[in-house]
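First to last, the sequence lines map onto chains A and B. Note that the first sequence covers residues 1 to 114 in my numbering. Note that the second sequence covers residues 1 to 110 in my numbering.
Quick caveat, the hints were computed from the structure, so don't treat them as lab data. The beta-carbon is built from N, C-alpha and C at its ideal position, and this holds for glycine as well. Fair warning: there could be bad hints in the mix.
Computed footprint of chain A on chain B; a stretch qualifies when at least three of its residues, placed anywhere within it, have a C-beta under 8 angstroms from a C-beta of chain A [as the list claims (entries may be wrong)]:
1) 41 to 47
2) 65 to 75
3) 79 to 92
With a Cα cut of at most 30 angstroms, we get these calculated DSSO-like pairs of lysine-lysine [to be verified]:
4) B:Lys-54 x A:Lys-41
5) A:Lys-100 x B:Lys-66
6) A:Lys-57 x A:Lys-70
7) B:Lys-54 x A:Lys-57
8) B:Lys-66 x A:Lys-83
9) A:Lys-100 x B:Lys-54
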Amino acid sequence: GGIITQTPKFLIGQEGQKLTLKCQQNFNHDTMYWYRQDSGKGLRLIYYSITENDLQKGDLSEGYDASREKKSSFSLTVTSAQKNEMAVFLCASRLNWGGKDTQYFGPGTRLLVL
Amino acid sequence: GDQVEQSPSALSLHEGTGSALRCNFTTTMRAVQWFQQNSRGSLINLFYLASGTKENGRLKSTFNSKESYSTLHIRDAQLEDSGTYFCAAASNTGYQNFYFGKGTSLTVIP
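Model the full structure from these sequences, guided by the hints.
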């Protein structure tokens, strides 16, 4: 089976800092996603990518950049961290084959901005 | 507005009992996925449905595209079932997007 890894697991930043989160998958899936989850809330889509070098904005893209350098990796950059911001960033990849259309999630990166 | 309305937002069950979670959709969805988010924050795939009903152990899920809803039934609840349950629906348009409900926080009480 495949796996999705996210680094770092925990990220502490300073206000105004640029912060980069990384995601790798070895499923060989085409589509990858970045979501943000705030405490006690659902997932909101930041960016997704349907193939290498493709980027599509989600509902929450303002304040973020993304990069799909190769099929297996998808990076997310917080362009200017907001003071007291605290959230979990979840990466997912998508299987769309053989009648199945499902997402597989990484373990998340927990962000705290001081 | 929200594409997916999930209810209840929170639920407490005694061990051995059961209940149902529900997601209503405001637009036509072609498929739904259910996840459990455990205490470590990991999202675990429970079901994928394009139609009909699937069962896995003590869990059963139904998706009715025409009537725009999906349900997740839990029976004989165990302590390890505690966590937050999310549905995610794939729209007929915006092909690559999944729309998430806000989750149901389930606490199983000994």
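So, going through the hints one by one against the coordinates:
{"no.": "1", "hint": "41 to 47", "verdict": "holds (count 4)"}
{"no.": "2", "hint": "65 to 75", "verdict": "violated (count 0)"}
{"no.": "3", "hint": "79 to 92", "verdict": "holds (count 3)"}
{"no.": "4", "hint": "B:Lys-54 x A:Lys-41", "verdict": "holds (27 angstroms)"}
{"no.": "5", "hint": "A:Lys-100 x B:Lys-66", "verdict": "holds (20 angstroms)"}
{"no.": "6", "hint": "A:Lys-57 x A:Lys-70", "verdict": "holds (18 angstroms)"}
{"no.": "7", "hint": "B:Lys-54 x A:Lys-57", "verdict": "violated (33 angstroms)"}
{"no.": "8", "hint": "B:Lys-66 x A:Lys-83", "verdict": "violated (45 angstroms)"}
{"no.": "9", "hint": "A:Lys-100 x B:Lys-54", "verdict": "holds (14 angstroms)"}
In summary, the structure is inconsistent with hints 2, 7 and 8 from the numbered list given earlier, while agreeing with the others.
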